Amino acid sequence: MIVGLIAVVVTYVVLRRDPGEAGADKRAGCEPIEVSSSTEKADLMIELARRYNASDTLYGGKRCASVTVHRLTSGAAAEALGSGWDEQRDGGPAPQVWTPTASLWLQLARHRETAGGKQVVPAAGTRMPSIAQSPLVISMPKPMAEAFGWPNREFGWSDVLALASDPQGWGRYGHPEWGRFSFGKDNPHRSTSGLAATVATYYAATGLSRELTAADLTQPNVINFVRGVEAGVLHYTDDAVKFLANLAEADAKGAAMSYVSAVVHQEQLTFLYNKGNTTGDPKVKGKAPTVPLVPMVPRDGTLMLDHPYVVLPSASDAQREAAADFLAFLQQPDQQAAFATMGFRDHQGNAGPELTQTLQIPAGQKLSLIQSPVGEVLDKILAGWDDLRKKARVLLVLDVSGSMKETAAGDISKLEAAKNAAIASLDLLHPDDEVALWTFSGQRPNGAQPYTERLPTSRIRDAKQQLIGIIRALSADGGTALYHTTRAADLYMRERLDADRINAVVLLTDGHNEYPADNDQAKLLRDLDGSPLENSVRIFGIAFGEEADLDTLEKIAKVSRAAAYDARDPASVDKIFSSVLSNF
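Start counting the sequence shown at 1; every next residue gets the next number (the UniProt record's numbering).
Just so you know, these hints were derived from the structure itself, not from any lab. Please note that a few of the clues may not be correct.
[To be verified] The calculated label-pair distances, taken between Cβ atoms and stated as ranges, are:
#1 S316 x P143: 22 to 30 Å
#2 D520 x I223: 34 to 42 Å
#3 E154 x D500: 52 to 60 Å
#4 K253 x L497: 31 to 39 Å
#5 D387 x E154: 25 to 33 Å
#6 I470 x H175: 41 to 49 Å
#7 D427 x P143: 38 to 46 Å
#8 Q466 x S165: 30 to 38 Å
#9 P167 x I223: 16 to 24 Å
#10 A499 x A522: 28 to 36 Å
#11 K285 x L327: 24 to 32 Å
#12 E211 x K253: 25 to 33 Å
[Said to hold, decoys possible] Straight-line Cα separation of at most 25 Å, DSS-like style, residue types lysine-lysine; simulated pairs:
#13 K142 x K62
#14 K287 x K555
#15 K253 x K464
#16 K405 x K380
#17 K555 x K285
#18 K26 x K142
#19 K62 x K253
#20 K253 x K287
Bear in mind that the values here come from a model prediction, so they are computed numbers and not experimental data. Every residue gets a Cβ at the ideal spot worked out from N, C-alpha and C, and that includes glycine.
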């Protein structure tokens, strides 16, 4: 599921089950409508829904609406709509209005519903108004942008390819201390920034700006271009905010250039970062970073992320009227001003004075916009990315201490639930990804290590069935040597580091450290410090069950520049495992 800024904003990312709804301010006796909002604007949408509900607004002379907003990434919401919305799984009631980050998801949803025979979004040709807009940009720490030649030199995807392919890295521009070029990018299956960046990369590879076809995607020069760009990825996430939080943490330590060379996301997030807010919450007032980001619009074309307001086919006539009134409210000047304070352009794509000044947007800027591909081509782009993305080397570490025997959701133990989730998540890995498996518990006789290698590093294509069998056979017993195992896992991966892969540990535990021989948390965190990025390993922790030590996993994620995930509700472990694997 990535702060001087940090005094107010969390310095690492923790995925928590937080529907973030505005339900406390519902209006009694009014037509209820549920809105699913993309995450980067969800806090603002929640606040605006509260403002609307408190306004006593009437439409049609006598009717009123009561709006509730829930947050979900655009990709996850598209999947939820296509598969059938599940309130428990998807974090809120089924929506009548969906506002993803971009209409790209509508194109995909229409294509996929055609295959499934079920209409879940409005038909093609239906006008989808925007509530705000923001272009896709490539943001760099300002010294790096200046070293490249900004503001006199434009940047594009061909430059990403050249930098990612150059073994000299930033040494080519007089800064060998910055190391190799790497950039942060979201998983395109889950994030709009990731999807839009992948579309833009394919367009750049072809030299086109319109009418990208399925045949274009399979050209050898296009494949090589996209593969080369993806090789520069640091790691993937399901939300660009994670990169920004980690970058802000590095900035607070005076090491902004040590984390990542660039991040691909919408312009609005660059604005928030430079203002000291990486959360998207309008109430957060953080400290601006020492090293700001410079947003560069790719010279070979970009997409405008249009934040469409989509009234879904499932809405009743009464709900449609209520939704139309809320849309009119969102497009009024006062609400558009609220979007502007969060770094968005208005619903017609115009940049306001604060955005222009903060990001030094040139007067009269003309964006070179590329056309969104049709749904069929988008689907093929995603399939192509699955093959061309940077591959991973992952060590999966599972807690098999005695407490994992306890009951989780339903009638199965926590261990069985974790095993099921781990096995299901293997389908998200590419056959060329590499995985190893460890288990750990506590003190063992004769000084034996508290962890066991169950499978050495192996390609998924060669070892998937063997790995599934090993996981199914696991049993639980003993204590929890969390610190010792984490340190050993980090060392194991460092010794086997592959610079051409994403190197990471995924560690699931349901408890606290119970290993007296290694009980020094401060030393552990020093040992795991991810500052020297040339040989760093990211450790993604999953806190599983009510007694899990989420606090320690958060600290581990912070120093290794990864993310911690909150699965203290055991029913969420399947979804959490899927989110963790989206980093690869």
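Results of checking the hints against the structure:
S316 and P143 have their C-beta atoms about 55 Å apart, which leaves the hinted 22 to 30 Å range violated. Separation of D520 from I223 is about 49 Å and departs from the stated range, judged on CB atoms against 34 to 42 Å. For the pair E154 and D500, the beta carbons lie near 29 Å from each other, so the given range of 52 to 60 Å is not met. A C-beta distance of roughly 23 Å is found between K253 and L497, which places it outside the suggested range of 31 to 39 Å.
As the Cβ distance of D387 to E154 is approximately 30 Å, the hint placing it in 25 to 33 Å holds. At about 46 Å, the CB distance of I470 to H175 agrees with the hint of 41 to 49 Å. At about 42 Å, the CB distance of D427 to P143 agrees with the hint of 38 to 46 Å. At roughly 35 Å, the beta-carbon separation of Q466 and S165 lies within the given 30 to 38 Å, and the hint holds.
Take P167 and I223: their Cβ atoms lie about 22 Å apart, and the range 16 to 24 Å holds. Hint check: A499 to A522, Cβ distance near 30 Å, so the stated range 28 to 36 Å holds. About 29 Å separates the C-beta atoms of K285 and L327, a value consistent with the hinted range of 24 to 32 Å. At about 47 Å, the beta-carbon gap between E211 and K253 misses the expected band of 25 to 33 Å.
A hinted pair counts as satisfied when its Cα atoms are at most 25 Å apart, and K142 with K62 does not qualify at roughly 54 Å. A distance of roughly 21 Å separates the Cα atoms of K287 and K555; the hinted pair therefore holds under the 25 Å criterion. Of the pairs offered as hints, the one joining K253 and K464 is violated, with about 41 Å between alpha carbons and a cut-off of 25 Å exceeded. Taken as a hint, the K405 and K380 pair is broken in the structure, with Cα atoms around 43 Å apart against an allowance of 25 Å.
Proposed proximity of K555 and K285 is supported: the alpha carbons are some 23 Å apart, at most 25 Å. Under the criterion of a C-alpha separation no larger than 25 Å, the hint pairing K26 with K142 is inconsistent with the structure, at around 44 Å. A distance of roughly 57 Å separates the Cα atoms of K62 and K253; the hinted pair therefore is violated under the 25 Å criterion. At roughly 14 Å between alpha-carbon atoms, K253 and K287 fall within 25 Å of each other, so this suggested pair holds.
The structure fails hints 1, 2, 3, 4, 12, 13, 15, 16, 18, 19 (numbered hints given earlier, in ascending order).
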